[in-house]
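Protein chains: 2
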Amino acid sequence: MKRLISIYSLFCLVLFTGRAEDGSRLWLRNTPVTNLPFESISYRGDGGIAVQELQQAWAGMTGSRLPRVDTPQANTLVLKTEKNKPLGKDGFSIRTNETGQTILTAQNETAHLYGIFHLLRLIQTGHTGPFNLTEIPTYSIRILNHWDNLNGTIERGYAGYSLWKWDELPATLSPRYEAYARANASIGINATVLNNVNANPQILSTQYLEKVKAIADIFRPYGIQVYLSVNFASPTVLDGLADADPLRKEVRLWWKNKAKEIYTLIPDFGGFLVKANSEGQPGPQDYGRTHADGANMLAEALKPYKGIVMWRAFVYDPKEPDRAKQAYDEFMPLDGKFHDNVIVQVKNGPVDFQPREPFTPLFGAMKKTPVMAELQITQEYLGFSNHLAYLGTMWEEFLQADTWQAGEGSTVARVTDGTIYPHKLTAISGVANIGEDTNWTGHHFAQANWYAFGRLAWNHNLTAGAIAGEWLRQTFTTNPEFVTPVTELMLQSREAVVNYMMPLGLHHLFAWGHHYGPEPWCDIPGARPDWLPSYYHKASSYGIGFDRTHKGSNAVAQYHAPLSEQFNGINTCPEPYLLWFHHAPWDHRMKNGRILWDELCYKYDTGVQQVRQFQKTWDRMQPYVDTERFLHIQSRLRTQARDAVWWKDACLLYFQQYSKRPVPYDIERPVHELEELKKIKLDMTHHN
Amino acid sequence: MKRLISIYSLFCLVLFTGRAEDGSRLWLRNTPVTNLPFESISYRGDGGIAVQELQQAWAGMTGSRLPRVDTPQANTLVLKTEKNKPLGKDGFSIRTNETGQTILTAQNETAHLYGIFHLLRLIQTGHTGPFNLTEIPTYSIRILNHWDNLNGTIERGYAGYSLWKWDELPATLSPRYEAYARANASIGINATVLNNVNANPQILSTQYLEKVKAIADIFRPYGIQVYLSVNFASPTVLDGLADADPLRKEVRLWWKNKAKEIYTLIPDFGGFLVKANSEGQPGPQDYGRTHADGANMLAEALKPYKGIVMWRAFVYDPKEPDRAKQAYDEFMPLDGKFHDNVIVQVKNGPVDFQPREPFTPLFGAMKKTPVMAELQITQEYLGFSNHLAYLGTMWEEFLQADTWQAGEGSTVARVTDGTIYPHKLTAISGVANIGEDTNWTGHHFAQANWYAFGRLAWNHNLTAGAIAGEWLRQTFTTNPEFVTPVTELMLQSREAVVNYMMPLGLHHLFAWGHHYGPEPWCDIPGARPDWLPSYYHKASSYGIGFDRTHKGSNAVAQYHAPLSEQFNGINTCPEPYLLWFHHAPWDHRMKNGRILWDELCYKYDTGVQQVRQFQKTWDRMQPYVDTERFLHIQSRLRTQARDAVWWKDACLLYFQQYSKRPVPYDIERPVHELEELKKIKLDMTHHN
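Going line by line, the protein sequences match chains A and B.
Just so you know, we're using this note's numbering here: the first sequence kicks off at 1294 and counts up by one.
Just so you know, we're using this note's numbering here: the second sequence kicks off at 1294 and counts up by one.
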């Protein structure tokens, strides 16, 4: 019989599991396992954080600790520390030998920790050994970017206020700081930027650095390095310097001193993340200097301490006719001009974290400077924490996209991981979706995006499906009756969002005041044109889409052959990117024989039907899921289903004014009025 | 190509038709007809209103008048007045003879008018003659009840304020008074009650009677008799009598004098409609007298002038355990005690105009007193003027219901039309859905309910389908590409409302503040229990429904055998009335094999899917409909589709708390949260 919410059933649940399934434990639930591969453990010294975490998990799974033995026996897990160059700093191997002992080999304590978490993951997902594997992470820096403000709000945060309690720090240390570090370490994340890229200069004040130090001290055992976003004008704000010109001595000195101060407090401080000359932030161009000038000044200051600079390439200008081109135009001339401890951080797509974009052409094109991808884990453009959108598929699509910059197979993954261009510095970043909500991410399924980012950062060849499956098994149950359909749901979910929000290459149809709902009609007098949806969709009685072909903005030319020509041809361009690269006529014939307008209608409708199918799938899962999370997710899916219809109706009714064609008659009809939808003004400027 | 709203297309439309299709012309659009059956007309005298209306219509159809000839020729329409007892007061015959003349025979001018409108209807729906028909109306009084208040509002009115401009009357006469009379005459309606049954005593003041007279003077040529709702306490309010005891001489005299005053002004005044001792209205029971005492006093006052009393049987008491029984219990003992110019007016169902009710058991049971049905044309409980709900099917179901009171075949139609019980006084009333909206009824399709009421009042053997078809042909187009699917839509529409609002005999799940949306959970402290939905649905963990069997309230005993036993048996009761008569367990096995809970879910879902199908059907009709009405109806259907989902979710999520069973997994899932739905409080106390 299905469980319904009631005091009684909640009571039973708590009684049975010992704790509420509120999502706070993430994928680290350590549920009881019947068939365990080890009966004892052997290690030198105190075993450090790795043994500590293993024992804590073991207690969760079995109710007791794993006995320590001095002499390894059959079924003993042996922790071995040894110099092993191929494993690198973070790698490890796990091998079960012929006597039944399992040897976990690594060079240091943090790598042992990764190995332990890997073993625990295998155990929790149903593996019993023997084991024979080697894991070496793809990227050396696997970093979260928190867009957390010092006042506790989070830009594009949909899971409550910031985890970092700046007011209480450093005196009071929330237990969630350690829980956060543990969660990240469990998936191999080894770095984090604590504050928003729209950085408040105060973060570099001595007062705040002491708070940062307190956090860094908690993160250190888990191998998490702390980074900070810095405001380029910090010297003027904090210490009254006349300007922040990166070529001026006083400025350079200021930064050197600041670096020294930081490293005195935090010897393993990671470095700076910088958003400069972008969306109103100060930067070197304010003084006629280049991005390289700015980045190199900071790099110099950090160099003595092995700190690095992550310099963002997210720049665009309202005066330019195609925002998508600007990062490439501005940064390609600087290729090779950055110091070796600078890495350029580039968003996956050339506009801004849309549900679907082609990859930014800087990937692979910038050959002499290391380039790292910035992914967005928080769902700024994919339904906030209301919509179930598993982003593993999006990132897989991105990482496996072929740039052709060094011949076929020059995937984004391979041009950023040091394989094709042998830069020592490799990294990948994800804008965090974490807040102080009990379940960390608002939507329980948004945890999967945090998880998937970590797993892909560790191994970018993992498939989205495999990651979804292992996340589900740890987070809910290993029962295939649950895992199989819900994996399928997850794998479809991002495409569903694309379908009901902006299919066929449409982008940025979002509302002005937020990026949640649709406002393809949005027109704010005096607004930056590149912040208005019509800049992107360009709907007219002729057709729809942004002409980026040779005859248009020629953004296609930023891609390497054969992509440039493929994207340029209306009949060769992959249809998921059609309206990204083309202003196509309404009667453009699609590959399935439909005209564009009809296909657009079917895509929107498909999105709606997909979400309804997700609801059906989820409701059938009730027997396999605790009541608390079942109902929470059920509720969010209901919202998503309503929102999908909202999106569909808004976009179809709006574009129909231009297409002047009927919605195909076998499609479910709109249920809203365009004029009513235009009146919706959500108060979502701040999302906490 | 489909037309979209634009200044240009509206302009073209106006140019072509000569006037906007705003619905103001109802079914009397007189669109051009190619093949006309007459070339001339012949009549005595001035031909009166019949010829006047014919010529006006002819001008609309052809641009010119039908020439009058003294000597009938082939293709002449001849108006003939003759004594013809079988035709009765209102009947007529139309026969085309061998010389090609068509003779319209009737006893008087009004009957000629009916004949002319009948001919025009035939012409407009595609008939070209020859003709050979006789029409004699089913009921002698075919009356609208306006629930219009003297302040211009309308109780349960959803088409704007009242047509009657009491402030302006009698000096200013709105042209819509005549248009109203014409529309009614065109479908055979011959009487109207101008004011709300919750009657303001002022209506009988001399000042108001002069206003009433002005209206009556306009209606008279169209054969429309004016009636008034009267407040039983009028003598006390208007002239300070100590009480309104119907057996007291002064009171009786007061009413006699009032009758005299009325008839002096309005010689053909129809009579009084009375709501007494019902929902707080005063009545004879306030003085220990019976309904018969009260009705007979008024009947006596009206008798000299051939006026009649329509006395409502809509009574119920919060102290009674089953409201549905009370009209029968209170009125059956009075059978035969009313004067012969009293008719008892009984709502079709025993509760109150619900989407589906069984017939009120008084029909057929009350044999010595004439009984008339009160139907509700205005959609108080069927989605106001937002939902498309064609009520022809509901009334057909009601009129053809077999009461068995005089053996098999004692349909409601036959026990009220004088066939089975030979009362001279026969009547049928409909609570009007008319207001000052340009299209009269708010929803264009609500015009069909006004139309269908008139047509059924004239001939209760017409089928709902035939009426829908002729209404569509006159109101939109005779094109079968339009008429066939839209007739089908209309015929399904009321069942769709039943499905998404309250299927399987559920009733009165409406919100407290209005009767639009669902509030099955409604619980107002201190409220009359019989005004709360739980009084009717009685949902519990065991089951749902009102037990009216022998073991329950025994309302089934008010029905004649074999209905009483049929309704009493849970497996013999027709399923559409299951929860009306039974408190059935959630796992009660339905005839299709499903358990009750599942069937309930499927019914709600079917309702939603039906409305979506209506949308599809309607959108396909765009080529056949003017833009103005197409978009208006399209918009209302969108609202209806949203509301259907609202209803489904509200009821299923609420009842699921009791059934504790899942919604069958192949059904579209809820998209709302119960707690959110509970917060919806529409401000709908007054609907103008």
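Take the hints with a grain of salt, since some may be wrong.
Chain copies aren't distinguished; within one or between two, either way the pair holds.
What the hints assert, rightly or not - Derived DSS-like pairs: lysine-lysine, alpha-carbon spacing no greater than 27 Å straight-line:
#1 Lys1660 to Lys1974
#2 Lys1953 to Lys1599
#3 Lys1909 to Lys1953
#4 Lys1596 to Lys1373
#5 Lys1972 to Lys1844
#6 Lys1660 to Lys1630
#7 Lys1542 to Lys1831
#8 Lys1953 to Lys1717
#9 Lys1884 to Lys1661
#10 Lys1972 to Lys1909
#11 Lys1831 to Lys1376
#12 Lys1506 to Lys1660
#13 Lys1971 to Lys1953
#14 Lys1661 to Lys1612
#15 Lys1382 to Lys1660
#16 Lys1630 to Lys1506
#17 Lys1971 to Lys1884
#18 Lys1971 to Lys1909
#19 Lys1717 to Lys1378
#20 Lys1596 to Lys1660
If you are wondering where the hints come from, they were derived from the structure by calculation, not from laboratory data.
As the structure is a prediction and not an experimental result, all values here were calculated from the model.
So, going through the hints one by one against the coordinates:
1. Lys1660 to Lys1974: Neither way: Lys1660 and Lys1974 sit 45 Å apart in one copy and 62 Å across, limit 27 Å.
2. Lys1953 to Lys1599: Close neither inside one copy (61 Å) nor across copies (62 Å); limit 27 Å.
3. Lys1909 to Lys1953: Result: close only across copies, 18 Å inter versus 35 Å intra.
4. Lys1596 to Lys1373: Neither. Shortest intra-copy (33 Å) and inter-copy (113 Å) distances fail the 27 Å Cα cut-off.
5. Lys1972 to Lys1844: Answer is neither; intra-copy 37 Å and inter-copy 55 Å both fail.
6. Lys1660 to Lys1630: Within one copy only: 11 Å inside, 105 Å across.
7. Lys1542 to Lys1831: neither (48 Å within a copy, 83 Å between copies)
8. Lys1953 to Lys1717: neither (56 Å within a copy, 61 Å between copies)
9. Lys1884 to Lys1661: The answer is neither: 40 Å in one copy and 76 Å across copies each exceed 27 Å.
10. Lys1972 to Lys1909: between (31 Å within a copy, 26 Å between copies)
11. Lys1831 to Lys1376: Neither. Shortest intra-copy (59 Å) and inter-copy (76 Å) distances fail the 27 Å Cα cut-off.
12. Lys1506 to Lys1660: neither (36 Å within a copy, 95 Å between copies)
13. Lys1971 to Lys1953: within (19 Å within a copy, 40 Å between copies)
14. Lys1661 to Lys1612: Neither way: Lys1661 and Lys1612 sit 29 Å apart in one copy and 90 Å across, limit 27 Å.
15. Lys1382 to Lys1660: within (25 Å within a copy, 100 Å between copies)
16. Lys1630 to Lys1506: neither (32 Å within a copy, 97 Å between copies)
17. Lys1971 to Lys1884: Answer is neither: 33 Å inside a copy and 48 Å across each miss the 27 Å cutoff.
18. Lys1971 to Lys1909: Between copies only: 24 Å across chains, 30 Å inside a chain, cut-off 27 Å.
19. Lys1717 to Lys1378: Result: close within a single copy only, 15 Å intra versus 111 Å inter.
20. Lys1596 to Lys1660: within (22 Å within a copy, 106 Å between copies)
Comparing the model with each numbered hint stated earlier shows that hints 1, 2, 4, 5, 7, 8, 9, 11, 12, 14, 16, 17 do not hold.
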